[in-house]
Each structure stands twice: as C-alpha cells, then as structure tokens.
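A.B. asks: What follows is each chain in one-letter form.
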Amino acid sequence: DVVMTQSPLSLPVTLGQPASISCRSSQSIVYSDGNIYLNWFQQRPGQSPRRLIYKISNRDSGVPDRFSGSGSGTDFTLKISRVEAEDVGVYYCMQGTHWPWTFGQGTAVEIK
Amino acid sequence: EVQLVESGGVLVQPGGSLRLSCAASGFTFTTYWMTWLRQAPGKGLEWVAYINQYGSETEYVDSVRGRFTISRDNARNSLYLQMNSLRAEDTAIYYCAGDPQPRIIGAWGQGTLVTVSS
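So the sequence lines, in the order shown, correspond to chains C and Z.
Quick note: this note's numbering has the first sequence finishing at residue 112, numbered continuously throughout.
Quick note: this note's numbering has the second sequence finishing at residue 118, numbered continuously throughout.
Bound-form chain C, shown alone (with noise of 0.2 Å):
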C-alpha cells in the first residue's frame, strides 16, 4: 500500500498567521491517464471529513482562497495564508491513485 506521511502531526498557530503542512507519499503517484491524485481533507471536532482541494491544487467551491495546495513528484503542502478559528481541526492528506487509496495520519491544527 501507498504509504503518506505527513508533517508536522501537530501545528499550534497564531491566528491571522500562515500554516504549511507537508504530505509525502511512498511512491509515485502519477495516475495512468497522467492525473495525479492527491487530495486534501479537513475534519473539524465533531464533523466528518470535508474535501478542500483535489488533484493537488484544485480548490472545491466555498473553500476560502487562503486555503492552496501544492507540489509535484511524492512531495505536497497544504497551505493556510492566514489561519482563522474556523480552521481548527485535523488536516489529511489523500492519494487516490492506486487501491487501497490511503490517508496520511492526520495534522492537528490548534490556535495558540
């Protein structure tokens, strides 16, 4: 299975500041039809998971634009670029090339 670690697992920040989280995945992750297919998943306390973006970048509809993914290769960043209350929760990463599609462990963001 397509192993994803993430880093860091926990990440205090100060509100209005940026956030990074950073995904890796064990093995390529290029799709045959040349897609590559990480995702990003937000589940705040006591909600189930929500999509924010989806093949590396892509934003869905209502995320806030502070909100960006990034990368190439095994290596992917979430980024906040400025973190509001409503951001707190758990962040995971998400390959869905090759089954079983796998999730990071989860980065916990909390305010300090």
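No lab work stands behind these hints, which were simulated from the structure alone.
Among the hints, erroneous ones may be present.
Said to hold, decoys possible - Straight line, CA to CA, 25 Å or less: simulated BS3-like cross-link-like pairs of lysine-lysine:
id: 1; chain 1: C; residue 1: Lys79; chain 2: Z; residue 2: Lys43
id: 2; chain 1: Z; residue 1: Lys43; chain 2: C; residue 2: Lys112
id: 3; chain 1: C; residue 1: Lys112; chain 2: C; residue 2: Lys79
Put chain Z on the given structure of chain C with help from the hints.
C.D. replies: Just chain Z now, with coordinates in the frame of chain C:
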C-alpha cells in the same frame, strides 16, 4: 444540495452481521461512484470499499475482503454495506461518500457508529 445519510450502525457481538445503508439525495445517484470509509475512535481514516455507478465494479481493502460486500440500488438511490464475521477491530464510524469521479471522492455523509463488542 448533495445529501448522504447513513443508518444501521449498532452494537453487535463479535462474529455477528450488520447491514449499513446510505440514502442519497440532491444529485443524480447513477452518475456517482460510491464508497464506504471508516474511522476508528480517535484514529485516522481508512477506505473500506468502492463501487462504480453501475454496480459492475467493486473493490475492497484487504482487511474486509471476503467479509464485507458493497452494493447499490440505483432505483432507490441507496448504497449498502453488508458486514459479516465482525471483529472488534471493525469498530468505527462508517462514512458513506461519493463523487462523479472515483479518485477524488468529495461528498460525505455524517457517519454511523458500529461497535463490535461482547
């Protein structure tokens, strides 16, 4: 608005069986790939199974293959997960999720809790 509502989660004894259901509304169900995922208490996320729009293609994670069966009824806009030979390690919140594309699953339900314990 896309809505997915899971049901069927209960306390069941090890070795028992359970059928989870997911009612879909707000979109054309026949255009969506559908999946089940789970999250053990306080743990991360794990894909369990997927099924294509027509029900002709399914896949399972190794830990449930041979014990769980994913199916769908397009006439009823419903997704199912038949779970047999349940083990303590199957205890989790089970989420129904779907998308028109299979590898970027974007719509999620609220989940239903399955507890396997004697």
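A.B. asks: The structure should be examined with respect to each hint, and the outcome stated for every one.
C.D. replies: Going through the hints against the structure:
{"no.": "1", "hint": "C/Lys79 with Z/Lys43", "in the structure": "holds (23 Å)"}
{"no.": "2", "hint": "Z/Lys43 with C/Lys112", "in the structure": "holds (23 Å)"}
{"no.": "3", "hint": "C/Lys112 with C/Lys79", "in the structure": "holds (18 Å)"}
Consistency with the previously given hints is maintained throughout, with no hint failing.
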